[in-house]
Amino acid sequence: MGEIGGPVHVIGATGRTGLALCRSLATRGHAVVPIVRNLPRWQVNGTGLRARVADLEHGQAALRAALADATSIVLTTHARHLPALLAAAPPRARIVALGSTRIFTRWPDSHARGVQDGARAFLHSGRHGVIVHPSMIYGAQGEDNVQRLAALIRRLPVLPLPGGGQARIQPIWQGDVTAALIAALEREWDGPHSLVIAGREQVAYRDFTRAVAIAAGIRPRPVVPVPGSVLMLLARLPVPGLPRIRPAEVRRLMEDKIFDIAPMQAQLGLMPTPLATGLARTFTTR
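Mapping of the sequence shown onto UniProt numbering: position 215 corresponds to residue 215, and the numbering continues sequentially without gaps.
Check the hints yourself; a few may be wrong.
[Unchecked claim] Pairs of lysine to aspartate or glutamate, EDC-like flavour, derived with a Cα cap of 20 Å:
#1 K257 - D207
#2 K257 - D144
#3 K257 - D109
#4 K257 - E201
What the hints contain is simulated information worked out from the structure, not anything from laboratory work.
Generate coordinates for the entire structure from the input sequences, incorporating the hints supplied.
What follows is the structure, encoded as structure tokens:
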């Protein structure tokens with residue numbers, strides 16, 4: 001790995017991943033330039049870093065001005081904004097963008113298609129850098145993956161899961177996502193690259209629910225197999241007192257989401273945190 005050199009411009013600094021990255025970079029002594037859309041929201045986060053204001057959707061001139069001195073840029077908002085970033089960024093700036101492994105789903109939605117479009121634009125740009133595609137991220141402050149699942153487990157005597165929860169997932173802890181972005185910033189990329197980042201373990205979703213329950217101090221619930229089509233219909237009916245689960249989320253529970261992490265380890269030098277450790281940190285720092 002090399003050195004980052006110069007300030008790091010972080011677009012989407014008020015988001016979960018952007019804020020975690022800004023804090024980690026600042027702790028390491030790196031100069032950080034947060035770029036945000038909502039300045040008052042940024043000012044209450046307590047980092048003390050001076051932010052610049054730009055809107056990726058409505059304000060190309062402001063974005064270009066905010067990035068005028070940039071040498072390293074991290075896009076932590078939705079990857080559909082990559083074309084706007086590419087148009088505004090200085091030609092020599094190194095770019096690290098956050099995508100999503102949702103691009104590999106059998107059922108692409110607007111989120112997945114937006115990532116696909118952004119990734120395609122980046123990979124045809126000739127820019128130096130990388131778009132990293134994380135699997136399901138858990139453990140960020142305010143995220144609603146494991147916290148919402150824990151809330152559901154608390155309220156249900158059994159867990160109805162499509163196919164009995166046999167589909168496998170490979171969740172990645174937020175701290176590892178932050179470490180991956182920093183490692184990507186430190187690497188000299190020749191042209192545009194794409195890289196999947198994922199957790200260490202491939203686990204059946206039913207086993208994941210058990211691990212979440214244990215970490216949250218809840219008795220694990222028995223799993224009841226239910227046809228996915230039935231659960232998707234039920235998901236359209238909000239139930240008072242239960243976290244809302246969308247039909248598309250139910251459908252995604254019916255496919256394996258597992259990935260080879262050897263390229264991540266080779267290119268970023270990152271060994272992901274064990275799931276049990278990441279979950280323990282998640283529920284002890286809430």
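Do the hints match the structure? See the list:
1. K257 - D207: holds (14 Å)
2. K257 - D144: Holds, at roughly 18 Å.
3. K257 - D109: holds (16 Å)
4. K257 - E201: holds (12 Å)
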